[in-house]
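Engineer: Quick note: the sequence shown uses my numbering, first residue 140, plus one each step.
Everything labelled a hint here was simulated from the structure, so no lab data went into it.
Quantities reported herein were computed from a predicted structural model and do not represent experimental measurements.
Please note that a few of the clues may not be correct.
As the list claims (entries may be wrong) - Restraint-style ranges between C-beta atoms, simulated for each label pair:
{"#": "1", "residue 1": "338", "residue 2": "367", "range": "31 to 37 Å"}
{"#": "2", "residue 1": "348", "residue 2": "150", "range": "33 to 39 Å"}
{"#": "3", "residue 1": "328", "residue 2": "204", "range": "51 to 57 Å"}
{"#": "4", "residue 1": "212", "residue 2": "190", "range": "27 to 33 Å"}
{"#": "5", "residue 1": "379", "residue 2": "340", "range": "56 to 62 Å"}
{"#": "6", "residue 1": "312", "residue 2": "159", "range": "18 to 24 Å"}
For every residue, glycine included, the Cβ atom is placed at its ideal position computed from N, Cα and C.
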Amino acid sequence: MKQRTAQMRWEARTQGPLLGLAVAFGVAYAVPIVAPDAQHWVHQLCTVVEWTVWGAFAVDYVVRLVLAPYTWLFVRKHPLDLLAVLLPLVQPLRLLRVVATLLLVGRRARMAPQITLTTYVAGAVVGLMMFGSLAVLHVERNAPDGNIRTLGDAVWWSFTTMTTVGYGDHAPTTGLGRVLAVGLMLSGIALLGVVTANIAAWFISRFDRDDAEERRQTALLEALTAEVRQLRAEVARLSAPPPSGPGVPGVPAAPADPAAPGLPAQASSSPTP
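Produce the entire structure from the sequences given, and follow the hints as far as they go.
Structural biologist: Written as C-alpha cells, this is what we have:
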C-alpha cells in the first residue's frame, strides 16, 4: 500500500513537468522538418532537447517501475512507455502523455465518461495528424516522384487519410511513406469507430434517462390517481344521509306515540277502582 501511494504521489508530481517536456519535444521534433534550412546550431539544439526529453522519460519510467507494487504487471500494462524508452525513434508516441494528463484532469473534475473519451479521441487525432504530417513530409519531401512537398500538403494528406476519404491528389511514393499511410488509415478507422460508438452510447444513455423519468412520472400519476379515487369514495360515504326507519337492518324501530291517531292506547297496568 505504501509503494502504491508512493507511485501515485510520483505520478501526480511529475504530470506537469512531463507535459512541458512533451511539448518541448514536439517543438524540437517539428523544427528541423518544418525549417530544414535553419542554422546548424538550431538543429543541434533540437537534437539535444530530444535526447534530454528522452532521458527524462526514461528516468520517469524507471522510477515508476521501482515504485510499482508488481513489476511485471506494470510492464504489461504500460507497453507504450517501455517501447518509447527502448526505441528513441518512436519518441513522438510519448506525447500521448498529453492525453494522459488531460484524462487525469478529467477524472479529477469528475467528467462524464463520454466527455473523457471525447477528450482522449481529440488528443489522439491531433497528435496523430501532427506527427503523421511531419513524418510523411520528412520522408516524401526529397523523394524523386514525391508530391508531398510542403507542410500544407502533408496536413491535407493526413486529414484525408485519417478520415478514410482519400482524394488521391497527394499520396506517398516511398516504402516508409506508405507504411505511415497504412498506420494513419488504421488509426483513422479505429478513431471513427470510437467516435461513432461514443455518440451512439450518448444517445442511448439519454434515451434511457428519459425513459426512466417517464416511468417515474407515470408511476407517480398512477399513485396519485389511486389516492384521488380513495378520497372520492371516502367523501361519498361521508356525504350520504344515514338510513332510518323500520326494516332497515341494524336500525331499531321508533317507539309508538300514545297520542297518535289510529293507534290503540296502551293498557294501564293499574287496576280500575
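Engineer: Each of the hints needs a verdict: does it hold here or not?
Structural biologist: Cross-check of the supplied hints:
For residue 338 and residue 367, the Cβ-Cβ distance of about 43 Å falls outside the hinted range of 31 to 37 Å, so the restraint is violated. In this structure, residue 348 and residue 150 meet the distance hint of 33 to 39 Å, their C-beta atoms being roughly 34 Å apart. A hinted range of 51 to 57 Å is violated for the C-beta pair residue 328 and residue 204, which are about 33 Å apart. In this structure, residue 212 and residue 190 meet the distance hint of 27 to 33 Å, their C-beta atoms being roughly 30 Å apart.
Evaluation of the 56 to 62 Å hint for residue 379 and residue 340 yields a pass: the beta carbon distance comes to about 59 Å. At roughly 37 Å, the beta-carbon separation of residue 312 and residue 159 lies outside the given 18 to 24 Å, and the hint is violated.
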